[in-house]
Every structure is written in C-alpha cells, then in structure tokens.
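Undergrad: Residue numbers (our numbering): -4 to 180.
Keep in mind that the hints were calculated from the coordinates and are not lab data. Do not take every clue at face value.
Lysine-lysine pairs mimicking DSSO-like chemistry, simulated, CA-CA at most 27 Å apart [claimed, not checked]: (1) 176 x 166; (2) 18 x 169; (3) 162 x 88; (4) 166 x 97; (5) 32 x 134; (6) 85 x 162; (7) 124 x 109; (8) 166 x 180; (9) 142 x 18; (10) 60 x 85; (11) 17 x 142; (12) 88 x 17; (13) 27 x 17; (14) 97 x 17; (15) 60 x 180; (16) 124 x 60; (17) 134 x 17; (18) 88 x 134; (19) 97 x 18; (20) 85 x 27; (21) 169 x 60; (22) 166 x 63; (23) 17 x 32; (24) 32 x 18; (25) 169 x 124.
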Amino acid sequence: MQHAENSTIMILDFFHTSANLKKIPRQGWIDKLSIDKPESVADHTFSMAIMGMIFSDLENYNTGKILKMILLHDLAESTTGDITPEQITKEEKIILENSTMKKILNDLPLSLQKQYCFLWDEYQTNNSKEAKLVHQLDKLEMTLQAKIYSNEGYSKERLDSFFNSAKNEIKDPKLLELFSKILEK
C-alpha cells in the first residue's frame, strides 16, 4: 500500500511540475518584442500538439510518438524557464536540460522514465523522421505566433528574425507550403 501511495504522490509531483509550463512565458517574445504577457510555453506546446496531430495523421507519421515528443520537447523549461541562445551557450543548455529532464522524469514509474528518456534523447539528437518533424513544427508554430503578433501591430522588423529562423529550419515541402501561407495571411 505504501509503494502505491508513494507512486501516486510522485506522479502528482510530475503533474505539478508540468503545470508550471502554464506560468513560464516564452522569453524570445519578451526579449525581442517587449511583450508584457506573451504566450506561455504551455500555449506553445498546445498549439504544436494540434499541428502535430493533424500533420502526422495526414502524412501517416506515428501520431502517438509525435504527440509524446511534442509534450516532452520543452518540459525541462518547467524548471529552468525558457532559456534563449543569448543567455547561455547551446552546449550549456543541452547539459542543463538533460539533467533537468532526468530529475523531472524521475518522478515517474521506471517504464515511463525509460520510454520518455528515449523520446527525449531522440528529439535532442534529431535522428529520426519524427524528431525532424517535431523540430520543424516547433519553428512552424513559432511562425504562426509571430504572424499573430505582427497582425496585432508588433514590429515586422523585429519579427523578421523569427521568420528567418523558421525559413532556415523548415525543410518538409508541405510544412514549407504552410509556412508560406502563414506569412500571406
């Protein structure tokens, strides 16, 4: 009985940690646009999940794997905050996020820890078609949000770095078509 109760408490701790994403603002919007109340990391993840679900179902990807990878891709930020490239080096960020993910996932049963660590590593190394898609969806969602901010009157010049970053990263022809359509609206 004690083990089951501890397991339940640990899973609840994981849920609380994950819920922190609702309070973590996307730092790039603050730094580049001086937005007072930008979207949260959870907002971004939800929008990506919708994109991932639709695109992976249409293109016959493993939708479950895509959605899990999307839900995990920024989970470390529930503890670290949204760290931008201007704050620390890419290598430092990888080390920090990897150690943070280990701690976060440690609250889950071992079978889930292994599964989610594997998906996290796959995403980080970008060595599968699903990981490549999730990285591109991350940029596509950023483009959509940048366009929303542009339509709300934020500086198009300040948003160009977001659009250019996405344009350089998105390789899938159908995602590139969506990227172009987002810019047209």
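Undergrad: Hints first: check each against the structure and report whether it holds.
TA: Verification of the hints:
Distance restraint check for residue 176 and residue 166: the Cα-Cα separation of roughly 15 Å lies within the 27 Å cut-off, and the hinted pair is therefore satisfied. Restraint check for residue 18 and residue 169: not satisfied, since their Cα atoms lie roughly 33 Å apart, outside the 27 Å limit. Between residue 162 and residue 88, the direct Cα distance comes to roughly 23 Å. Compliance with the 27 Å bound is thereby established for this hinted pair. Straight-line distance between C-alpha atoms of residue 166 and residue 97 comes to about 31 Å, which puts the hinted pair past the 27 Å bound.
Distance check on the hinted pair: residue 32 and residue 134 sit about 21 Å apart at the alpha-carbon level, within 27 Å; holds. A C-alpha spacing of about 20 Å is found between residue 85 and residue 162, which places the hinted pair at or below 27 Å, so the restraint holds. Restraint check for residue 124 and residue 109: satisfied, since their Cα atoms lie roughly 20 Å apart, inside the 27 Å limit. This hinted pair checks out: residue 166 and residue 180 have alpha carbons roughly 21 Å apart, not beyond 27 Å.
The suggested pairing of residue 142 with residue 18 holds, with an alpha-carbon distance near 22 Å, which does not exceed 27 Å. A distance of roughly 25 Å separates the Cα atoms of residue 60 and residue 85; the hinted pair therefore holds under the 27 Å criterion. Taken as a hint, the residue 17 and residue 142 pair is honoured in the structure, with Cα atoms around 21 Å apart against an allowance of 27 Å. A hinted pair counts as satisfied when its Cα atoms are at most 27 Å apart, and residue 88 with residue 17 qualifies at roughly 21 Å.
Of the pairs offered as hints, the one joining residue 27 and residue 17 holds, with about 21 Å between alpha carbons and a cut-off of 27 Å not exceeded. Of the pairs offered as hints, the one joining residue 97 and residue 17 holds, with about 21 Å between alpha carbons and a cut-off of 27 Å not exceeded. Of the supplied pair hints, the one linking residue 60 and residue 180 is violated, its CA atoms being roughly 31 Å apart against a limit of 27 Å. Between residue 124 and residue 60 the alpha-carbon distance is near 11 Å, which keeps this suggested pair within the 27 Å criterion.
In summary, the hint linking residue 134 to residue 17 is supported, as the alpha carbons are separated by about 20 Å, within the 27 Å threshold. For the given pair, residue 88 sits about 18 Å from residue 134 by alpha-carbon distance, which is consistent with the 27 Å threshold. Distance restraint check for residue 97 and residue 18: the Cα-Cα separation of roughly 21 Å lies within the 27 Å cut-off, and the hinted pair is therefore satisfied. Under the criterion of a C-alpha separation no larger than 27 Å, the hint pairing residue 85 with residue 27 is consistent with the structure, at around 19 Å.
Restraint check for residue 169 and residue 60: the C-alpha separation of about 20 Å stays at or below 27 Å, so the hint holds. Under the criterion of a C-alpha separation no larger than 27 Å, the hint pairing residue 166 with residue 63 is consistent with the structure, at around 22 Å. A C-alpha spacing of about 12 Å is found between residue 17 and residue 32, which places the hinted pair at or below 27 Å, so the restraint holds. Between residue 32 and residue 18 the CA atoms are separated by roughly 10 Å; this keeps the pair inside 27 Å, and the hint holds.
Of the pairs offered as hints, the one joining residue 169 and residue 124 holds, with about 14 Å between alpha carbons and a cut-off of 27 Å not exceeded.
Of the numbered hints given earlier, the model fails hints 2, 4, 15; all others are met.
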